[in-house]
Amino acid sequence: MPLDEGKGTSVADVSTNALTGTVKGKAKWIDGKFGKSLQFAGSSDHVLIGDEKVFHIEGEITQAAWVKLDKLPGSHAVIFGTREGGGGRNIGFGYGMNPGNGIKVWTNGKAGGFKDINDNKTKLKIGQWYYLAYTHTTGNGGLVRIFVNGTATHEEESKNPVLPAGKTGAVQIGTWGGEAWPGAVDEVRLWNRALNDAEIKFSMQLGAKEFATPVEPKNKLAVTWSQVKSSW
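Quick note: the sequence shown uses numbering that gives the first Met the number 0, first residue 0, plus one each step.
Because the hints were derived from the structure by calculation, they are not lab data.
The reader is advised that the hints may include incorrect statements.
[Unchecked claim] Computed spacing ranges between beta-carbons, pair by pair:
1. N139 with G73: 28 to 36 Å
2. K52 with K6: 26 to 34 Å
3. G7 with N119: 35 to 43 Å
4. A197 with K120: 21 to 29 Å
5. G34 with K124: 20 to 28 Å
6. T152 with K114: 43 to 51 Å
7. K6 with G111: 35 to 43 Å
8. G84 with G41: 27 to 35 Å
9. K122 with I29: 19 to 27 Å
10. S43 with G87: 23 to 31 Å
11. G126 with G41: 29 to 37 Å
12. G126 with K166: 32 to 40 Å
Beta carbons: idealized from backbone N, C-alpha and C, even for Gly.
Input sequences plus hints: build the corresponding full structure.
Spelled out as structure tokens, the structure:
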């Protein structure tokens with residue numbers, strides 16, 4: 000979901016799923032890393048995408064987005080994900096930051112039981128664009144790998160599988176449960192597989208135009224556009 004509309008309250012993805020989202024609160028359209036982006040300032044500012052089967056991911060997942068902070072978060076801050084309240088498996092997938100300016104991935108066990116994966120060594124700076132991504136696989140001990148600007152910065156076994164939440168719900172960009180992202184988000188991407196290192200680096204070179212048409216960047220890597228085209 001490139002977030003390139005630049006106006007209005009409706010956003011669309013560039014995949015064959017043809018999903019749409021609704022801009023909520025006082026989120027503002029600003030210039031992004033590629034084209035336009037949305038700036039979030041409060042807990043009510045977000046994009047809401049309805050619960051769809053394409054989000055009920057199992058086995059492997061990759062999330063990625065370009066983000067920029069207007070200030071450091073004072074609490075957990077969500078880039079995008081899906082989480083319903085209550086007990087049991089209430090997280091499907093999600094990532095963002097923790098209050099210590101670390102990058103955070105939320106995972107949840109088959110019968111509940113959180114395992115938060117944190118990269119607390121990488122510190123983000125205010126006003127700078129970053130391509131934040133992670134992969135999570137059910138195999139390899141539930142391995143989670145966090146990437147910043149195409150480079151792996153943290154690896155840790157979560158011991159948790161990639162599964163839909165016990166109670167599925169809407170996907171939100173910019174918050175969940177009031178845990179708001181304090182800045183801009185652009186080029187929101189989701190895959191139902193774990194991209195490798197080269198694919199992560201390749202994907203950060205692509206804007207919405209390149210995802211929609213098979214054009215390769217000038218300094219192409221040893222992967223093709225079709226390999227990294229997002230499932231959402």
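Hints, verified against the model:
About 34 Å separates the C-beta atoms of N139 and G73, a value consistent with the hinted range of 28 to 36 Å. A C-beta distance of roughly 30 Å is found between K52 and K6, which places it inside the suggested range of 26 to 34 Å. Here the CB-CB span from G7 to N119 is close to 38 Å, well matched to the stated 35 to 43 Å. The beta-carbon spacing between A197 and K120, approximately 23 Å, falls within the hinted interval of 21 to 29 Å.
Judged by the Cβ atoms, the range 20 to 28 Å given for G34 and K124 holds: they are separated by roughly 23 Å. Checked against the hint of 43 to 51 Å, the pair T152 and K114 fails, with Cβ atoms roughly 18 Å apart. As the Cβ distance of K6 to G111 is approximately 42 Å, the hint placing it in 35 to 43 Å holds. Here the CB-CB span from G84 to G41 is close to 20 Å, at odds with the stated 27 to 35 Å.
For K122 and I29, the hinted distance range of 19 to 27 Å is satisfied, since their beta carbons lie about 24 Å from each other. At about 27 Å, the CB distance of S43 to G87 agrees with the hint of 23 to 31 Å. Roughly 19 Å separates the CB atoms of G126 and G41, a value that falls outside the hinted 29 to 37 Å. In this structure, G126 and K166 meet the distance hint of 32 to 40 Å, their C-beta atoms being roughly 38 Å apart.
Taken one by one, the earlier hints fail for this structure at numbers 6, 8 and 11, listed in ascending order.
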